[in-house]
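Sequence order for the protein chains is D and Y.
Going by this note's numbering, 97 is the number at position 90 of the first sequence; the sequence numbering is gapless.
Going by this note's numbering, 1092 is the number at position 121 of the second sequence; the sequence numbering is gapless.
There may be inaccurate statements among the hints.
What the hints assert, rightly or not - Heads up, simulated DSS-like pairs for lysine-lysine below, C-alpha to C-alpha not over 30 Å straight-line:
| no. | chain 1 | residue 1 | chain 2 | residue 2 |
| --- | --- | --- | --- | --- |
| 1 | Y | K1270 | Y | K1292 |
| 2 | Y | K1597 | Y | K977 |
| 3 | Y | K1155 | Y | K995 |
| 4 | Y | K1443 | Y | K991 |
| 5 | Y | K1463 | Y | K1483 |
| 6 | Y | K991 | Y | K1597 |
| 7 | Y | K1597 | Y | K1223 |
| 8 | D | K199 | Y | K1155 |
| 9 | Y | K1572 | Y | K1268 |
| 10 | D | K97 | Y | K1443 |
| 11 | Y | K1155 | Y | K1443 |
| 12 | Y | K1443 | Y | K1223 |
| 13 | D | K97 | D | K177 |
| 14 | D | K159 | D | K199 |
| 15 | D | K18 | Y | K1155 |
| 16 | Y | K1343 | D | K159 |
| 17 | D | K242 | D | K154 |
| 18 | D | K18 | Y | K1597 |
| 19 | D | K202 | Y | K1155 |
| 20 | Y | K1463 | Y | K1504 |
| 21 | Y | K977 | Y | K1292 |
| 22 | Y | K1504 | Y | K1471 |
| 23 | D | K9 | D | K154 |
| 24 | Y | K1572 | D | K154 |
| 25 | D | K18 | Y | K1463 |
| 26 | Y | K1443 | Y | K995 |
| 27 | Y | K995 | Y | K977 |
| 28 | Y | K1443 | Y | K1504 |
| 29 | Y | K1292 | Y | K1268 |
| 30 | D | K97 | Y | K1343 |
| 31 | D | K9 | Y | K1270 |
| 32 | D | K97 | D | K154 |
| 33 | D | K9 | Y | K1483 |
As the list claims (entries may be wrong) - A short list of chain Y residues far from chain D (calculated; beta carbon distances all over 10 Å):
| no. | residue |
| --- | --- |
| 34 | R1263 |
| 35 | T1279 |
| 36 | G1569 |
Simulated from the structure, these hints should not be mistaken for laboratory data.
Every value quoted in this text rests on a predicted model; they were computed, and no experiment measured them.
All C-beta atoms in this analysis are idealised placements derived from N, C-alpha and C, irrespective of residue type, glycine included.
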Amino acid sequence: MKLYLRIWRQKNAQSEGRMVDYELDDVSEDNSFLEMLDILNEQLISRGEEPVAFDHDCREGICGMCSLTINGTPHGPQRLNTVCQLHMRKFRDGQTITIEPFRARPFPVMKDLVVDRTPFETIQQAGGFVTVNTGQALDGNTVPIPKTVADKAMDAAACIGCGACVAACKNGSAMLFTAAKASQLNMVPQGKPEKDRRVLNMVRTMDEAGFGNCTNFGECEAVCPKGISLDFIAKMNRDYATASLKQLLGTPV
Amino acid sequence: MNLDSKVPTGPLPQKWERHKFDLKLVNPANKRKYTVLVVGSGLAGASAAASLGELGYNVLCFCYQDSPRRAHSIAAQGGINAAKNYQNDGDSIYRLFYDTIKGGDFRAREANVHRLAEVSGAIIDQCVAQGVPFAREYGGMLDNRSFGGAQVSRTFYARGQTGQQLLLGAYSALNRQIGLGQVKMYNRHEMLDVVVHDGHAKGIITRNLLTGAVESWSGDAVILATGGYGNVFYLSTNAQGCNVTAAYRAYKRGAGFANPCFTQIHPTCIPVHGEQQSKLTLMSESLRNDGRIWVPKNKEDCTKDPNTISESDRDYFLERKYPSFGNLAPRDISSRSAKEVCDEGRGVGPVVGGARLGVYLDFADAIGRLGKDRIVERYGNLFDMYESITGEDAYSRPMRIYPAVHYTMGGLWVDYNLMSNVPGLFVLGEANFSDHGANRLGASALMQGLADGYFVAPYTISDYLARVGPGKPATDSPAFREAESTVNDRLKRLLAIGGKRSPRYFHMEIGKIMWEYCGMARNEAGITTALEKIPRLREAFWNDLRVPGENGELNAELERAGRVADFLEFAELMCRDALDRDESCGGHFREEHQYEDGEAKRRDEEFSHVSVWEHRGDDAEPLRHKEELVYEEVEMTTRSYK
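The whole structure should be built from the sequences, with the hints applied where relevant.
This is the structure in structure tokens:
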């Protein structure tokens, strides 16, 4: 197939970026989207031009590193999918494809299509863990966890931390990400003892990083490659309200 | 080269307990005087960094990705073994130990493997305590399944995303230490050299992948948890960034490289679709629990719709050849069997490079027996992934699979303390060689990574630190300056060649050579050919490479060029080892050594040793040393999975 590509090029975090047009011939529909970019880059190198920088690693939809907005949609047109698992058979011959980085104020562009998602790290460092040292654990079957609870926790834990939810949100909100991370631990017995501290610290850190608020549009859920449900945001809001109320009443959390 | 394995004396089941008591401790108040550098943030690196941080050491941790959570452990699908015997099916530490030794075709170090089995239960406990959402039964207890090569159900899993969940658990422990200031995390930093100061590993040189800055880091000990080298084949199930550079640089600084030819080909991957492919995708081996593997009996049927081929015209070749293990035969055996039927011309799927390289993995029976819902529950995400990549619905037509390079059992040589022959340089996880012998069993990689990081290295590193005392050298000492200028010179050299070919071109070329001559089956003539081709390719690389851009910026091609340069040297070492090991064992299949039925034929008299290679300069041939494998407990037998 022949493709017309419009790609965001930006030298570094300090410079201004712009869209640049490229044409690409002979792309197989069995290629993945990132293989298509590999082909473009090989051609650019052979022409003595700078290849397009983009983040990627596992290319099997699980590491969460790839972060492209394709024709305005983070991770592109296929639902429940990452860019690296998107294949060219989802496009048609002669199509124009616009490729931009994940855009959000807390995710500055570092070069071309590469953004800095460090605030996601900071949020998790604030509370995305259970305080348990290596060696302190009880036998794994000491505390039974109902299958329904374990399954629900797994639904939340499936989040790959890619940031598509933020990029899709008109407010640049990280609520879906933070809710997934906090809820996974708040649901299981091991996470209960520090449930309140966790949600307060993670939400505070999220706000400080400059992410916007949630206004329930649900774009985040629509683009999430792992189908993380908005229900987790509701759960986090409940946990947050409970913890805040405790704080208000002077109960230690 | 000092290859004292330091395996403790005494009966096998008591070695580790006894050794732990003999290890020196660092006083809690003194731990803050020590700095440990951890390179890599996968299961082994993250668990080690977190555990050492919890103990009170200063830890600096480095990874090349933008977050430690993206290390390739994340992609492991199937599960993690542990000798819990929760299923009451006769499992025990001894059985897990024995299965691992046998699965590795008697080329692993006995004492290390026993320790691995001993700590396996504690890993599950630790992960549960961290909130890892393992699969549960309705009563709330942990669920298990059986996995390739095992006759007991000892594999714990979290849907098809076990590696992800275990890594997120280790990552959460790491995050806690980062938040507490005990671990400093350096993302987008790639290690390009090890600094050996007065004979001890005391530092590393990194390149900041955003700015190009080359920096020196000094510490009291260095941990390499940098994964395997499967990408030497170009196409593998590894992530794009996986590389041998850290391990290879350590080798060039004096660390022995053990059994580099031991690589694992995984039987259940999605077949290659064409020349421009960048990666092979693994379908979890757990699929073999319910899927049946077959090819048409007759070549003429290979292009037919598989659903129209009658039962009597199908060859369920694993069930036929290995009736007791059937579709669950170990990875090396399953892979080679698939290759055999495809070489006979009975492969299915598209023609790539002149042959159909694929076999069917059929779920029709399982869907009939269990219902589609159960299959969706067990493997739904894998079926979705398959459809997304191939455009085919595996619920209504059999999947196509073919073997692909997946894991490397070889790695830097380590003693029982997981320390290389360079004092102070510890090697964990896939980067070391110790536990899997010539073939790794399914669901054992996650176990080993976490065993090393949570339950072995924290003890043994403390012993080393207590013995040498605190005192990291200044980063302007001669050893650091020399290493830093070596790194800088190489970067300049790569950028200055000004040729015509891209780094990827050379990576593809070396991959073709390795897959052709040092892949699933090897022979003397082929390996010798590879040993002639590799130096020529390397010369072409250093004369005709083009790396666009500069060092002082994010430059993915410069990163790739450095990694490919190391693969081009390492490939030769691998071939040398494959040639030197004149026997078949596990994943290393030398065609000269096989039984009449095509099974691997070991030569225990000559080869029950670890081959450890010493670098003797760029112009000299490396020297092969041996660590003899002493089996105190287990008798070496011929593996039989019939």
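Each hint tested on the structure:
1. Y/K1270 <-> Y/K1292: OK: Y/K1270 and Y/K1292 at ~19 Å, within 30 Å.
2. Y/K1597 <-> Y/K977: holds, 15 Å
3. Y/K1155 <-> Y/K995: Within the cut-off at roughly 26 Å; holds.
4. Y/K1443 <-> Y/K991: Given pair Y/K1443, Y/K991 holds - Cα atoms ~26 Å apart, limit 30 Å.
5. Y/K1463 <-> Y/K1483: Cα-Cα ~28 Å, so holds.
6. Y/K991 <-> Y/K1597: holds, 27 Å
7. Y/K1597 <-> Y/K1223: holds, 18 Å
8. D/K199 <-> Y/K1155: Holds, because 28 Å separates the two Cα atoms, which is no more than 30 Å.
9. Y/K1572 <-> Y/K1268: holds, 28 Å
10. D/K97 <-> Y/K1443: Between D/K97 and Y/K1443 the Cα gap is close to 55 Å, so the pair fails against 30 Å, i.e. violated.
11. Y/K1155 <-> Y/K1443: Measuring from Cα to Cα gives roughly 17 Å; hence the hint holds.
12. Y/K1443 <-> Y/K1223: holds, 22 Å
13. D/K97 <-> D/K177: holds, 26 Å
14. D/K159 <-> D/K199: holds, 15 Å
15. D/K18 <-> Y/K1155: Cα-Cα ~29 Å, so holds.
16. Y/K1343 <-> D/K159: holds, 21 Å
17. D/K242 <-> D/K154: holds, 19 Å
18. D/K18 <-> Y/K1597: Violated: D/K18 and Y/K1597 sit about 51 Å apart, past 30 Å.
19. D/K202 <-> Y/K1155: Judged against 30 Å, a Cα distance of about 26 Å means the pair holds.
20. Y/K1463 <-> Y/K1504: Holds. Y/K1463 to Y/K1504 sits at ~26 Å (cutoff 30 Å).
21. Y/K977 <-> Y/K1292: Answer violated: Y/K977 to Y/K1292 is near 41 Å, above 30 Å.
22. Y/K1504 <-> Y/K1471: holds, 20 Å
23. D/K9 <-> D/K154: Roughly 49 Å between the alpha carbons, so the hint for D/K9 and D/K154 is violated.
24. Y/K1572 <-> D/K154: Outside the cut-off at roughly 46 Å; violated.
25. D/K18 <-> Y/K1463: holds, 21 Å
26. Y/K1443 <-> Y/K995: Given that 30 Å is the threshold and the Cα spacing comes to 19 Å, the pair holds.
27. Y/K995 <-> Y/K977: holds, 15 Å
28. Y/K1443 <-> Y/K1504: violated, 43 Å
29. Y/K1292 <-> Y/K1268: Holds, at roughly 14 Å.
30. D/K97 <-> Y/K1343: Given that 30 Å is the threshold and the Cα spacing comes to 27 Å, the pair holds.
31. D/K9 <-> Y/K1270: Violated - the C-alpha atoms of Y/K1270 and D/K9 are around 36 Å apart, more than 30 Å.
32. D/K97 <-> D/K154: Cα-Cα ~37 Å, so violated.
33. D/K9 <-> Y/K1483: Within the cut-off at roughly 28 Å; holds.
34. R1263: Per Cβ check, Y/R1263 is outside 10 Å of chain D; nearest 24 Å; holds.
35. T1279: holds, 24 Å
36. G1569: holds, 31 Å
Hint compliance for this structure: hints 10, 18, 21, 23, 24, 28, 31 and 32 are not met, and every other hint is.
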